[in-house]
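Take the sequences, apply the hints, and build the full model.
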Amino acid sequence: MKKNEWPYELKYGEKKEYSCDVLILGGGIAGCMAALGAREKGLRVILVEKGAVAASGAGGAGCDHWESAATNPCSKVTPEELVDMMLRDNKGFNNGISHYIECREGYDRLLDIEKMGGKIRDTEDEFKGADFRDEDSKLMFAYDYKNKFTIRIWGTTFKKAMAKKLKRVGVTVVERVMVTSLLTDKGEIGGKVVGATGIHTRTGEFMVFKAKASVMAMSRPARIWLFNPAMVGLSEFRPTQCIGSGHAMGWRAGAAFNMMEKSVRAEFSAAGKSYPPYGAGNNHNTWYPASIIDANGKTVPYTDRDGRILTEFKERCLPADEQKFFMKGGGIDGGIYEIEGPETISVEGNPEYKLPLYADLSDLPEQERNVIWGMMVGEEGKTKVPILKNYTEAGFDPKKHVLQCYGSGWKSATFLPDERQLFGLPGGFMNDWHLRSNLEGLYVAGDALFASDCYGHAAATGHYAGRHAADYVKEAYAESENDKSETGKNRNNKSENGKNENGKNENGKNEYTGGGNTSSGNTDGGNTSGEISEEQVKAEWARISKPVMKSEKEDSFPTGYRWQEVNMAIAKTMQHYCGEIRTEDMLNTGLAQLERIEEEMAKKSIADNPHELTRLLEVMDILTVSKLIIQASKARKCSVTPLCFKRGDETEKPDNAQSLCKDEVQDFLVIKNTGAGIETSHVPLDYYGDLSLNYEKYNAEYLEKEAVYHV
Amino acid sequence: MYRESSYGSDFFVPIQYDEKKCIGCNRCVDICQVDVLLPSEKKGESPIVAFPGECWYCGSCVVACTSDAIRLVHPLMNQVRWVEKDELTGSKKQ
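Taken in sequence, the protein lines are chains F and V.
Counting along the first sequence from 1, when you hit position 660 you're at 652 in my numbering, and nothing is skipped either side.
Counting along the second sequence from 1, when you hit position 84 you're at 85 in my numbering, and nothing is skipped either side.
The hints are simulated quantities; they were obtained by calculation from the structure and are not laboratory data.
Take these hints with a grain of salt, some might be off.
[Stated by the list, open to error] Reference excerpt, derived from the structure (chain V facing chain F, CB under 8 Å, subset only):
| hint | residue |
| --- | --- |
| 1 | Phe52 |
| 2 | Tyr58 |
| 3 | Gly60 |
| 4 | Asp69 |
| 5 | Leu73 |
| 6 | Val74 |
| 7 | His75 |
| 8 | Asn79 |
| 9 | Val81 |
| 10 | Leu89 |
[To be verified] Distance ranges between label pairs, derived from CB positions:
| hint | chain 1 | residue 1 | chain 2 | residue 2 | range |
| --- | --- | --- | --- | --- | --- |
| 11 | F | Lys697 | V | Pro76 | 49 to 55 Å |
| 12 | V | Ser92 | F | Tyr329 | 36 to 42 Å |
| 13 | V | Asp69 | F | Glu180 | 52 to 58 Å |
| 14 | V | Asp69 | F | Arg160 | 25 to 31 Å |
Because the structure is a prediction, the values reported are computed rather than measured.
Where a beta carbon is used, it is the ideal one built from N, C-alpha and C, also for glycine.
Printed below as a string of structure tokens:
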């Protein structure tokens, strides 16, 4: 496209400045709820979003179910029971804090969203009398109909309601702005976060946000190993622009990360290989518990966890004998025995079943059929129009037709071992009980957190991070005004010299208190407010504007690297050097290769307009995250099965004989960039301590004033 | 009549406008989180599908459209198959 055809006014070089108490980076589910959590505390809040809040983020277009609502009035499981299983299911490699918050507060957030105008129950009595519906509350449940902790929701109504609510309560929403960097006190790596920079995706205008605290609520990384330039939007399960820029800017600023060495063999939507999510035959998530039949119309039976064939439809939604509850029907990642749900038998290589298989809704009870093909497919993020509407218009009748499956489970494509993806609780920002990162003033929510997933997790951690950021501002700034000498004693200064070797705090409990370089070295004995460094701001503008300013200067069509070419180069590099099995030599060579690409990019990349510049900056962030993944992989010397992490050169012999590589080291390896190098620290898997005790300790005011659920 | 008002794509254009129905209100442009669309230079005309490959097929543009003027379709490779169950079981009379 030629630049004179660009329909928006170009404002390259112009700068707009904002100032607030709490800055929210990202306007997805987590960001919106963070903004509300902070605003409820009476502070000035700005939310910055790359798209439009009414439909942006991974859950922006819709969502059909809300997991882990353990505190809803019908639930027969407690938050503690649920989190215990989540932790055990991943051998401890999970975020105990954030998932406890999800289980404990998720239902509170669902009620908030209902008050805003989101639909969470069957108010029209469309499904009156259905087995999955509670007749009193009109809530509708999925999977385990006995224990009732997964709620079916009308998620297409949620973000629209949140966008309106933000405006009503006076949150300043800045849309179409890509956040490009975190600003730290005096521009120092590891310093307190005092704001952020951004660029308008349509005008190219530069933005500087000054804040007393910030909440990182941006997406998980994407397109690291797999990319297809012809179908960028089909390259991942999550939206095109959810790219993991938060991880990249956090790494550059000195934030600590956890589990970044984890990746899984690609599962879904990668590089356009999969069929449309929930648009092909399957019996998972949206489509649970659809019947599966073979090419002769023969039913593939469901079994419980013990292999008992389930003959009644109802049994697909009930726990097995002696089972307290099951987490999900159709175990996606092969859950542990305790919570394994019903699933159809595997027919691979079984001559009794003729391929292809089909999903069959015709033999389901009418309400079960209508809740899948209707409500669920109508409310999930990418199915309302291209699946429900289009298939219906093309004549698909769920009472008559069966939909072909293209793979097992929810997958509809197969991938090679080196084709990796960040899926299934991937790595992210390390957090403490405030959902604070190791950097003072930076709180984290939703998919930016390590081991995150799902809508309820995003909403619950968002609100929590927002209100804790607000509490910090109130506390720290009141202190700084009253007695500056006291600030050195605040909670941010507990960790010692940036090390957290054993993860124990002064009370001897396993409690992560930041694990890194916190305020003491950077706040200069009580300068709580922090200073934006003009140098840092200028350097950031120079970095992000170079590709487009260069293009502006030249009259003839410029040559150079466009974002698609660079993304391909990164993906190929990562598959080759940082695939399924990793070795030190290959990781080092891969890192050098990435650095070469980075240098090339800095010299010669181009963009013709602010939109292309946005995409290019995203790819620069993909490159930064790729380097972070390599660094985390280098730091982890031994294979760890729950992280799907394999070293091909397990040479290091830890001192502790019990933790030889062959027995697998059981700890988190937290990693950060200090500017001078990479610093790693070992943190115990149970660093969060006692979940309910600590939750209550850090949330006394919330429990007193707002919480719906009390133990 | 649907028009692919695109700057061109070597691969595929997922979003098509019915020129007779589109009133050029740009609600679809405003809701698209990927910014795939650009408003038309001429007022009242349908938007331009400027970055078709970046569409992630969420359908927010179709939902936002008050004149039913947008068709969103997956590329041919993503068109899935369904059959009548009776054909599989052989119970359907030919």
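- Message: Going through the numbered hints above, which ones does this structure break? Give me the numbers in ascending order.
- Response: 4
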